[in-house]
Amino acid sequence: MARDGSTVLRVEHLTMRFGGIVAVNDLSFEVKRGSIAALIGPNGAGKTTVFNCITGFYKPTEGRLALQRGDPALWNALEDLTDSGQRGRVRPDGALFLLERMPDYLVAQQARVARTFQNIRLFPGMTVLENLLVAQHNRLMLASGYTFLGVLGFPSYASAERAALDKARSWLDRFGLIERADDPAGILPYGAQRRLEVARAMCTDPVLLCLDEPAAGLNPRESAELNELLLVIRDEYAISILLIEHDMSVVMNISDHVVVLDYGVKIADGAPDAVRNDSKVIAAYLGVADEDVAKVEAEVGL
Amino acid sequence: MQAGAQDKRIDVVGALRGAGFTGLIAFGLLLPLIGFLTGVNGSNQLVLTTRWTLLFSLVAITAAGRFIYSFALAPWLARRAQRPAISAPSARLAHVRKWAIPFAIGFVIVYPVIVVVTAGPGGAQKWIDNFGIQILIYVMLGWGLNIVVGLAGLLDLGYVAFYAVGAYSYALLAKTFGLAFWLLLPLAGILSSFWGILLGFPVLRLRGDYLAIVTLAFGEIIRLILINWVALTNGYAGIISIPRPTFFGIPFNATDHGFAAVFGLEFSPIHRVIFLYYVILALALLTCFVTVRLRRLPIGRAWEALREDEIACRSLGINTTNTKLTAFAMGAMFAGFAGSFFAAREAFISPESFTFIESATILSIVVLGGMGSQIGVAIAAIVMIGGTEIMRELDFLKQIFGPTFDPTQYRMLLFGLAMVLIMIWRPRGLIATRAPSVFLNERKIISVDLVKEGHG
Numbered sequence: 001m002a003r004d005g006s007t008v009l010r011v012e013h014l015t016m017r018f019g020g021i022v023a024v025n026d027l028s029f030e031v032k033r034g035s036i037a038a039l040i041g042p043n044g045a046g047k048t049t050v051f052n053c054i055t056g057f058y059k060p061t062e063g064r065l066a067l068q069r070g071d072p073a074l075w076n077a078l079e080d081l082t083d084s085g086q087r088g089r090v091r092p093d094g095a096l097f098l099l100e101r102m103p104d105y106l107v108a109q110q111a112r113v114a115r116t117f118q119n120i121r122l123f124p125g126m127t128v129l130e131n132l133l134v135a136q137h138n139r140l141m142l143a144s145g146y147t148f149l150g151v152l153g154f155p156s157y158a159s160a161e162r163a164a165l166d167k168a169r170s171w172l173d174r175f176g177l178i179e180r181a182d183d184p185a186g187i188l189p190y191g192a193q194r195r196l197e198v199a200r201a202m203c204t205d206p207v208l209l210c211l212d213e214p215a216a217g218l219n220p221r222e223s224a225e226l227n228e229l230l231l232v233i234r235d236e237y238a239i240s241i242l243l244i245e246h247d248m249s250v251v252m253n254i255s256d257h258v259v260v261l262d263y264g265v266k267i268a269d270g271a272p273d274a275v276r277n278d279s280k281v282i283a284a285y286l287g288v289a290d291e292d293v294a295k296v297e298a299e300v301g302l
Numbered sequence: 001m002q003a004g005a006q007d008k009r010i011d012v013v014g015a016l017r018g019a020g021f022t023g024l025i026a027f028g029l030l031l032p033l034i035g036f037l038t039g040v041n042g043s044n045q046l047v048l049t050t051r052w053t054l055l056f057s058l059v060a061i062t063a064a065g066r067f068i069y070s071f072a073l074a075p076w077l078a079r080r081a082q083r084p085a086i087s088a089p090s091a092r093l094a095h096v097r098k099w100a101i102p103f104a105i106g107f108v109i110v111y112p113v114i115v116v117v118t119a120g121p122g123g124a125q126k127w128i129d130n131f132g133i134q135i136l137i138y139v140m141l142g143w144g145l146n147i148v149v150g151l152a153g154l155l156d157l158g159y160v161a162f163y164a165v166g167a168y169s170y171a172l173l174a175k176t177f178g179l180a181f182w183l184l185l186p187l188a189g190i191l192s193s194f195w196g197i198l199l200g201f202p203v204l205r206l207r208g209d210y211l212a213i214v215t216l217a218f219g220e221i222i223r224l225i226l227i228n229w230v231a232l233t234n235g236y237a238g239i240i241s242i243p244r245p246t247f248f249g250i251p252f253n254a255t256d257h258g259f260a261a262v263f264g265l266e267f268s269p270i271h272r273v274i275f276l277y278y279v280i281l282a283l284a285l286l287t288c289f290v291t292v293r294l295r296r297l298p299i300g301r302a303w304e305a306l307r308e309d310e311i312a313c314r315s316l317g318i319n320t321t322n323t324k325l326t327a328f329a330m331g332a333m334f335a336g337f338a339g340s341f342f343a344a345r346e347a348f349i350s351p352e353s354f355t356f357i358e359s360a361t362i363l364s365i366v367v368l369g370g371m372g373s374q375i376g377v378a379i380a381a382i383v384m385i386g387g388t389e390i391m392r393e394l395d396f397l398k399q400i401f402g403p404t405f406d407p408t409q410y411r412m413l414l415f416g417l418a419m420v421l422i423m424i425w426r427p428r429g430l431i432a433t434r435a436p437s438v439f440l441n442e443r444k445i446i447s448v449d450l451v452k453e454g455h456g
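Protein sequence lines correspond, in order, to chains A and B.
Numbering follows our numbering, in which position 134 of the first sequence is assigned residue number 134; successive positions increment by one, without gaps.
Numbering follows our numbering, in which position 28 of the second sequence is assigned residue number 28; successive positions increment by one, without gaps.
Among the hints, a few may not be true.
What the hints assert, rightly or not - Taking lysine to aspartate or glutamate and the EDC-like style, the derived pairs with C-alpha atoms no more than 16 Å apart in a straight line are: (1) B:126 x B:346; (2) A:32 x A:256; (3) A:32 x A:71; (4) A:280 x A:292; (5) B:452 x B:310; (6) B:444 x A:12; (7) B:444 x A:183; (8) A:59 x A:30; (9) B:444 x A:179.
Read the hints as simulated data drawn from the structure, not as lab findings.
Given the structure is predicted, the values throughout are model-derived calculations rather than measurements.
Let the sequences and hints guide you as you build the complete structure.
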């Protein structure tokens, strides 16, 4: 199921309007299974809006957002599912979901799309370990018999909690946070909080991990460590990653695929090297018209 | 050294200026309220008297209080604010914690025995009923509201509504259908939690102040229904002669089938009081046990996570709607238990018992105790409710202030003062720490400075 070249997320004709403002306009792209895709663009290009649409925090004005896990043959059922008006189709060998039809918590719970936030959203008064246990809420809830068996102290819950603790411990080990497990999340240094947020997202067993500027505010060393971790997540756990990033060292070093947005419109889509040399992308980042790029580059000495 | 001396001098000037300003405001406010007194003289004429001494002494007290605050208290508070955010519990404190709770539980269990032995059966009734039972009802209500406010961070100003639902459920069902207390107790809890969910649905989208206003209105709606639906509730007059709870079928009366006769004792009203004390003690301990248990279950962690960051909860697949509703339902259920106990104990209920001041009292117990802290809430309930009751006992004050002096009339004034002082001393309540629900190596106590209060 790992990198077989099949698609995990398909975004088609996504449009998001807020009143008269078109934040995202007719955006289409795909994320391949077990790959790292980057969504880049100047400030205000609509990157986070795309994330909010994918994770169900916004209802898109138009468009289809399809996510599939398991057997890629399920993609054949896409049109059928769209016409049926249902949210998704779950079979023993996989599942297909239409994310635009699901509320945010179901996108995380059923479609298994995990996300982090641009401005870190941890539970600051709870310990690092508790943060990771909250992320495993749904499985533990089931094991505690929706609380009823748990209150009565049934052993099924105790074993489920032990498993959840083991999982949390293994991710803390991976992210170098095991020493801080019993500290409140709010006192961790900034870089550790960023890592913890990714670790917490990983505890939900995601199919697709959406990271909103994971390297923002990290120093070059921390940023390089994060790159390593993201590659481990992709290669060892075969989890697809979609990330928004401004740090070009992260984007160019680890992404397999880059999508560039400008004013809500896709202006480039391809391998990192191709995108880097695209004149439209350079123009968008420099904030000038296409034909003036050469002149401006000469001025700034590129 | 020089710089320090200079700071000190500036402090004094600033404190004096602040005190003068406060004195001026106090003068402006108190001049019409205290300074002038209108009355009627012997020939039925309106006369105006002035009370300058009283006015100026009050202004002086206010200014002096402000001076002491900004000169001494504020620097001390600033120093305190710099303490570390986490701390390993010190050995001595851990020792106290380990023994304090079993000791406290042991004490409340033997409390009626101690009182009966020391005060005799006649004098004991007051101490068990007015102090023991009354405080335990509020401890239980505080623990129940703590789930909603302290854990889930949902500010509920209408909590007394669920208490009323529990009380009226018991009263009406017991009088109409003659059902037993032990059957109606869980039923009242279920009905209350049903009303909790009913309140929960419309307020799910509201946050913070808006939530507080709607819950306040809900509490008033319930009270107004109780007043105006006379056919069902008998309005202001209330419901009288509600059946009293029995000792598993044996009534507490002087007949041959009564408790005293069956157990070969001499009849005394104290038997019922002691029985009620143990019932409410068991109910309160049940509330505490369930809450402590829930905190370690996924639902409890989800409540606390909801208080910390609702959006992050949703991104982790937590159904925040259900989580909020369960918090409302749980809190309401315990209020329902307490309400049905209240109705059974008093044998009379009327809407007078379920006014907003009750909600405010319960909420201030939770806030003073420290939101989310079981022990803090219990201590706050003892102080607030026990404090009210003890003021009735301060008869010696009459010898100082004259026979017309009634200390209970100063209750609210003293509460206000105590609350201001405690909020200065401990802005986040008596127990301003949070104990993690789970740990890998050691349980570190988290300062409440890091914990969010929740905003809806």
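Hints and how they fare:
no. : hint          : in the structure
1   : B:126 x B:346 : 14 Å, holds
2   : A:32 x A:256  : 9 Å, holds
3   : A:32 x A:71   : 14 Å, holds
4   : A:280 x A:292 : 11 Å, holds
5   : B:452 x B:310 : 11 Å, holds
6   : B:444 x A:12  : 49 Å, violated
7   : B:444 x A:183 : 7 Å, holds
8   : A:59 x A:30   : 19 Å, violated
9   : B:444 x A:179 : 13 Å, holds
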